[in-house]
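The lines below spell out each chain.
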Amino acid sequence: MTTRIDAFIDRLQSTSTFDDLQELICSLRDIYDIDHAVYHSVGATGQQYALLTYSDDWVKHYIDQKYQRIDPVVLGALRNFHPFDWKQLDWGGSTRRDFMGEAESVGIGNQGYSVPIRGPQGQFALFSVNSRCRDDDWKSLTKESVRDFLLIGHYLHQKAEEIAGTHQEQGRELSPRERDALTLLSLGHSRAQAAEQLKISEHTFRVYVDTARHKLGATNTTHAVALAMSHGVILP
Amino acid sequence: MIRFIYADRLAEQPILEKTMFQDRAAQFKQRLNWDVTVNEAGFERDEYDDMNPLYVIWQKPDGTHGGSMRFLPTVGRTMVNDHFSHLTDGVKIASPLIWECTRFCLAPDLENMPDAASALMLAGCEMGLRFGLSDSVGVFDRRMKRIYRGISWEPTVIGSAGLGREQISVGLWEFSEAAKARVAKRAGITSSQIESWFDISLPATLSEAA
Numbered sequence: 001m002t003t004r005i006d007a008f009i010d011r012l013q014s015t016s017t018f019d020d021l022q023e024l025i026c027s028l029r030d031i032y033d034i035d036h037a038v039y040h041s042v043g044a045t046g047q048q049y050a051l052l053t054y055s056d057d058w059v060k061h062y063i064d065q066k067y068q069r070i071d072p073v074v075l076g077a078l079r080n081f082h083p084f085d086w087k088q089l090d091w092g093g094s095t096r097r098d099f100m101g102e103a104e105s106v107g108i109g110n111q112g113y114s115v116p117i118r119g120p121q122g123q124f125a126l127f128s129v130n131s132r133c134r135d136d137d138w139k140s141l142t143k144e145s146v147r148d149f150l151l152i153g154h155y156l157h158q159k160a161e162e163i164a165g166t167h168q169e170q171g172r173e174l175s176p177r178e179r180d181a182l183t184l185l186s187l188g189h190s191r192a193q194a195a196e197q198l199k200i201s202e203h204t205f206r207v208y209v210d211t212a213r214h215k216l217g218a219t220n221t222t223h224a225v226a227l228a229m230s231h232g233v234i235l236p
Numbered sequence: 237m238i239r240f241i242y243a244d245r246l247a248e249q250p251i252l253e254k255t256m257f258q259d260r261a262a263q264f265k266q267r268l269n270w271d272v273t274v275n276e277a278g279f280e281r282d283e284y285d286d287m288n289p290l291y292v293i294w295q296k297p298d299g300t301h302g303g304s305m306r307f308l309p310t311v312g313r314t315m316v317n318d319h320f321s322h323l324t325d326g327v328k329i330a331s332p333l334i335w336e337c338t339r340f341c342l343a344p345d346l347e348n349m350p351d352a353a354s355a356l357m358l359a360g361c362e363m364g365l366r367f368g369l370s371d372s373v374g375v376f377d378r379r380m381k382r383i384y385r386g387i388s389w390e391p392t393v394i395g396s397a398g399l400g401r402e403q404i405s406v407g408l409w410e411f412s413e414a415a416k417a418r419v420a421k422r423a424g425i426t427s428s429q430i431e432s433w434f435d436i437s438l439p440a441t442l443s444e445a446a
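Protein sequences, first through last, are from chains H and L.
Using the working numbering, read the first sequence as starting at 1 and increasing by one per residue.
Using the working numbering, read the second sequence as starting at 237 and increasing by one per residue.
Fair warning: there could be bad hints in the mix.
What the hints assert, rightly or not - Taking beta-carbon pairs under 10 Å as the criterion, some of the chain H residues facing chain L (in silico):
no. : residue
1   : Q65
2   : G153
3   : P176
Hints were generated in silico from the structure; no laboratory data involved.
Even for Gly, the Cβ is constructed at its ideal location relative to N, Cα and C.
Pulled out of the complex, with its shape left as it was, chain L reads as follows (with noise of 0.2 Å):
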């Protein structure tokens, strides 16, 4: 299943949180070796992780981790303002409307998997809907890029750098009914079952820490 959580309630769910970060691991250092930080436990975390961001987990049956995302509002700090102006033509990515997406990972063995990834952006889509958000932001590769493709649900891309493999360039995801449609579709999920998840998980979200 789909869950959104907040950081600050991910330790209540200790092996989706280890599974989380240890695929990031995975992916960032070892798969795509991207100058990321991985702690004594194997976590692959920064300092955006620390700001209590929302994560959108897609939860494999045996309870680890199958695939995630991580936003952030734009109107605080974010990775792509702090990093990646310069693929931006200098502008500041700032609005009430748009989140930032960073982290977008799929387990090791998920990564192959055209439904994993769909389910999660479903997910996304979905948030940014009920939210009442227009766009979200994110820095991608061209592996990734291939991947939007596929689910049909491509950003635009406001700026990239880089040649080949080693292209990463700075997209946006504009939030519609039309895009829902289109990727519930490819996920072979049904619209009424990501709005239950997503009611699911928020007032879960919103009580406090036993």
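The following block holds chain H by itself, in its conformation from the complex (with noise of 0.2 Å):
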């Protein structure tokens, strides 16, 4: 059975464009059978690059309202690093009611959820999905998400930084454990058997090889086994 996620990384992983990448979040809409997904980034030198299905009407609207200053969904990305349902947040008053009324008029869905992205040295991003859909089915759908969401944020993140050429390439070099641990998979060993020559609990390998993945920007053990061979960090 492939997963939702799965039918994301499998397109994630032909992008090498802003082009393709737009065309990918677009995709997000029929995975998750949601109304919008959005991506948004500042960089640490305050560059920005946004990714999303909303309409350009609607874009510019925003940037000459300057919405983004009163946007309950910014402000709360850019206080704390959990994952949130909009429902979470404050749109008392009236000009978040009205922002939000507006929002709802050029359908933008009312049900929404928010990962907040961040980076050692100060980056920012926020990746966010909506939707019109009913309470119950919101529900159901975050539940089971949460950690999808929350992963397609940080590898479109990842993504976009590699395109835009920013990402930190110190900070992503694989210490010689990971490298080992690659290594072993690589040549057929099962976690289990890995772990075992490597010494290590199978919790603590399976932690590496994930933190392995995040450093090289891999979406599943076998793409960052890949990319370690092509990248000449392990040897075929």
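Reassemble the complex: the two chains are provided individually, in unrelated frames, and hints are given to aid placement.
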């Protein structure tokens, strides 16, 4: 069975330009049966980019009106780092209610979920999905997809940084232990065998593979092994 | 009750804030003699407290601090990666699914109360499950190891240094429903109770300061 995140990851692996990424974010609408998906980032030096499914008119209007200053989603994500449902935000006050009303009138969902993304040098990004579905449908979607949204937000962020050339090579280097872990997997060892050979627990082994994957910007273990080989980090 | 509260909202709870940082001084400076800084107000604070971490706090009925821990995402700066890489085989633990937990502290009068520690661990587990996280990583000493064993949620040790009372380790806690059920039983707190504490805390966290 192909899970929804796998469908996303499959497509992510063949993206190499911002246009590809833009198409990819649109595909999330079908994969998760949602109305919109948005990724927006502010780099350490202030450069910004966005990938979104909103209409150009709405984006222009939002920027002209400087709505980022009152948008509870942006304000919530700037202060905090946990993923959140838009229901948890404070929509009180006429400015915000008017803003929400305008957004709804152009088809933006009243149901939303956002993932704040942080980088080690103060980078900030935000990934959100939204929908006009019923409360109970939204609740079940977000409950089963929290981790998917968390990962998708971070994958998009890594990919966008990679394409923009703003990702940090430093800090992405694998430690010898992570290289060992990937090497053993590339040789066809099971996780249990590989962990045993490295004299670490399977739990630690899994985390080392996860951290290696994150550093390489890889979407799954196979991809991490392939990337590590093509970068010459491990020997084929 | 348990509260989930970001550093930038802590000042709204001055008694809780004051007693938490003072209890940390009592635990880490006075009792454990760690190399930590205590300011004129008697607060034990470090640079990670300035990165707007998320605190999970056990608040006593009188409003003061009973116990707490501090979380930061590992994709940003963390204590383990900044200072304890020698205990993780040089691996920087950075993943969107892993948060770091540090400064696990109990108020002096609750130090030997396993219930307070269990309640905190339960809260950490609930948080991890709700946010879709896989693990928490943290540094702990031998004394805490016994406490974790008592709570029946022991970390997987990645690496340790030092001997006896001086030993410190970096460990991983895997978030799971099974761990939650075990710790809830140990803490004498129902699942619905911890879920409702979580639900009450977080919207308040996201709304803006008045």
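Results of checking the hints against the structure:
Residue-level restraint check for H/Q65 is violated (minimum Cβ-Cβ distance to chain L is 19 Å; threshold 10 Å). Restraint check, H/G153 versus chain L: the minimum CB separation of about 8 Å is within 10 Å; hint holds. The beta carbon of H/P176 is positioned within 10 Å of a beta carbon in chain L (closest approach about 7 Å), and the interface hint is therefore held.
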